[in-house]
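Enquirer: Construct the entire structure; sequences and hints are all you get.
Sequences listed follow chains A and B, in order. Every number in our numbering is 5 more than the matching position in the first sequence, counting from 1. Every number in our numbering is 777 more than the matching position in the second sequence, counting from 1.
You can take every hint at face value.
Using C-beta positions, here's what the derived DEER-type ranges look like:
#, chain 1, residue 1, chain 2, residue 2, range
1, B, R931, A, N147, 46 to 56 Å
2, A, E15, B, P846, 26 to 36 Å
3, B, A956, A, T143, 40 to 50 Å
4, A, R47, B, T932, 27 to 37 Å
5, B, P846, A, D361, 23 to 33 Å
6, A, P464, B, R953, 35 to 45 Å
7, A, G173, B, E889, 26 to 36 Å
8, A, P32, B, R931, 19 to 29 Å
9, A, G208, B, P906, 26 to 36 Å
Derived from the structure by calculation, the hints contain no laboratory data. The beta carbon of each residue, even a glycine, is placed where N, CA and C say it ideally should be.
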Amino acid sequence: MNESPDHKPEPEIIELLHRHLLGATEPAEAERLEQEMLRSPRLRAEFLCAARMDAALHDESTHRQLPPVQNVIAFPWRRMLAAAATVVFAAVMWRWMNLAPQTPGPVAAEVATLIDTRDCQWAGGGVIPVDGRLAEGTVHLNSGVALIEFDGGARMALKGPASLELTGPKSARLLRGDVTVRCEDGAEGFSLLTPTSTVIDLGTEFGVAVAADGGTAVEVLDGAVEVAGAANQSPATTRVLSAGESLKLNADGTDRVNAAKPADWVRDYTSQAERDGKSLPPRLFAQDVFSTQGVKSLGEYNGGFGWLGPWVSATQLPSPSFAPLAPIIKRGTEPGESLVLGGRGELRRLLAQPIDPTRRQTLYFGFSFHRTEPARSDITFLRGGLSLMLRSSAAPTSLVAAGLSPQNRWTSFDANGVETSENEASGSGPYYVIVRIDFRPKIGNRVAISAHRSADAIPIQEPSKWDLITRRRMVVTKTPLDMIALRTLHTSGFRIGEIHIGNSWAAVANPGVVVK
Amino acid sequence: MGNDAKISGNSGGTDDRFLRVFVGSEAALRAFARSIVPDWDAVDEVMQEASVVLWRKFGELDAVENFLPWAKVVVRFEALRARRKFARDRLVFSEELLTLLADESADTAEEERLLEAAALRRCLGKLSPAHQELVLAPYAGAGRVKELGEQTRRTANSLYKLLGRLRAKLHECVGRELAAAQRFHP
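Expert: Structural data, given as C-alpha cells:
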C-alpha cells in the first residue's frame, strides 16, 4: 500500500466522512473516500474518530429521549442479574438495552432530586420516592418536609402545605408555603421567584414564606440575598439583605425591611443516609502508611491493611521506590517512609472490600504527597500531575478520581470529563488532601476535595467550603470499585506519604486515633 | 491485579459476571463495530451475534480486565463477516480498507473514546437548539430527517449536506477540546 504523508485533511473530506457514516454519499464519493483512506493513515484515524462521534451521538440521542425517572417503573436490574442463567437472557438484555429510539416527545427536563422526606403527604395521595428525580413542573405538598437537591447544587427544605414549581437546575417558583434554601460554596446564584419578588441567593442560606394572598416574607439566615420586586411593580425595587434581616413584600407592592424575628424555619438539610453516616463511629477500611521496614523496592512490599495483595505497576512506571519521609508529616501514628512515583504511569492495589457504587454512601480518602521537583516542567511546560483513583478491575471506564493537575489545580475526573478548582493549590506542598466521594446511584457521583498543608492542623468538623466540589453530572457507576490507583503524568515526580480510606471526615482527618 | 481473577466457566455464577463485564464494555464495543459496519441496524445485528459467541466462550477468558480487547476480536470477526452480506445492497468499503480500520480501531484507548464523548457533548451544546435537533435526528427513527425537511421546506438531500457540515464542525470542535484537555487532563 502506498501511504501518503500525514497531513491534516481538508474540512470538505471530513464532511464527506460524516456523510458516509450517515449513508448519504454517492458511489463516486464513496470510491474517492476509499482510495484516499487506503493511502492516508491520518484520514483513517479521522474516520475512526468520526465513527466514535457517531456512536456518541447515538448514545446522546437515546439519553435525551429517556423519560424522567419518576415517570417510569424501575427496572429490576439486580434481581434480573441474579436470575440470568441463559444466553437467551443475554439476548433479551441486549434487545432491552438497544430499544430503537422513539420519536422524541415533549419531555420535561429533570432538574432536581428528592433526597429526604419527613412525614410527607403529597396532594393526591401519591408518593415520590426518596432519591427520585424531579422534572420541571409543580409539586404540591400537603404536610411534612421534603428536602430537594437541585442539580445546580442548592438544597431546599419545602414545608407543607406548599406548592412549588421547579423551573430549572438553579431556579424555582414558590406559589405558596415555606421554604428554606441553603447554597453551599459554588452553588450560589439560586433564584426563587414568588408572586411578589425574586430572591437571588448571594451565598449560604435564606427562608421564604408565601402567604395565601401572595405576600412574601424573606429572611436571611446566613450570608446575603438580593431581593427584587416583581417585574410588574413600578419602579422595580432591588435590595441586598444580610444575615439577620428580613423583608416583607405585600401583595399590593409595598414592602418593609425588619430585623428578623425568630421564625420556625427548617434548617436541617441532611438526608437520612447522611444522618446515618454521621452518627457512625469513625472507621478506616484501608490504609497504607508505607511502613516499609527496610524494604527498598515495590515488589518486596505488602504493608498496610484492607488490601488484597501488593501494589502492582499497571504501566511502565520508571521504577517506583521508597524514600525517607521528610518533608511530609504523617497523620497516621505508624512510622513509615514515602512512596516515590514519577513519569507517566499507574500503580494499582486491590481493595479487600470492593466499594459497591450502586449503594448510596459516602467515602472519605486522606492522602499526603508533595512534588519531588516543584519547579520542574517537561517540554510541554507542564509539571507533573497526580491522581488517586478508585476504579474497577473489570470495567476500565468505571472510575472516580481526585488529584492535583499539572497546572497545580485540584482536579476530579471520571469517564464523563474533568473539573478543576478555580484557584491554584497554595504553595508547593506537601499537602494532606481529603476527598469525599458521594456515591449517588441515581444521579451520578459527586467529589469534593479539601486540601491542607500537611504540617497544619486539620479542622475536626467537615468544612462547608471545599477547594473543589464537582458540579457537572458525573457517571453513574455500576461495577464494583475494587482497586485504588495512583496515576502520575509528565516527567516530574511525587512522593506519597500515606493513604487512608474511611467512612467519615473524622476517620481520615485524624487517622492516628481511629479504631481500625 | 485482575490477573488474579480467573474466569472459571460459563455457567452458574459467571452469568452475572459476564453480564456485568459485557454491559460495562458495551458502549466501547458498539463504537468499535460502528467503525466497520455501515449503520446502526448492522451494529445491532453484529452485537447480537457477537454477544452469543462471547457468552459461550467467556470461560476461556483468563482475566476480566482483558475482556475488552478479547471481545473486540470477536466483534471484529462478526463485523467483517457481516460486511459481505451488507456489501450486496449498500455502499460499503472494501475488505482491505475495513481490515485496516478494524486493526487501527482496536488500538483506541477506552479513555480516549470517553474523553471524546465528553468533548462532543460540550461541542453539541454550543450548537443552536435547531441544529442540535437536526444532528440527533438520524438516530430518532426512520424518517425523522425527512420530517424535519418537510417542516423547514428543505429537501432531505440538502439537510444531509447541512448535517455533514455541522458534523464536520463538531469534529473540529472535538479536536480542539481534546487538544486543550491534553494540557491538563491527568
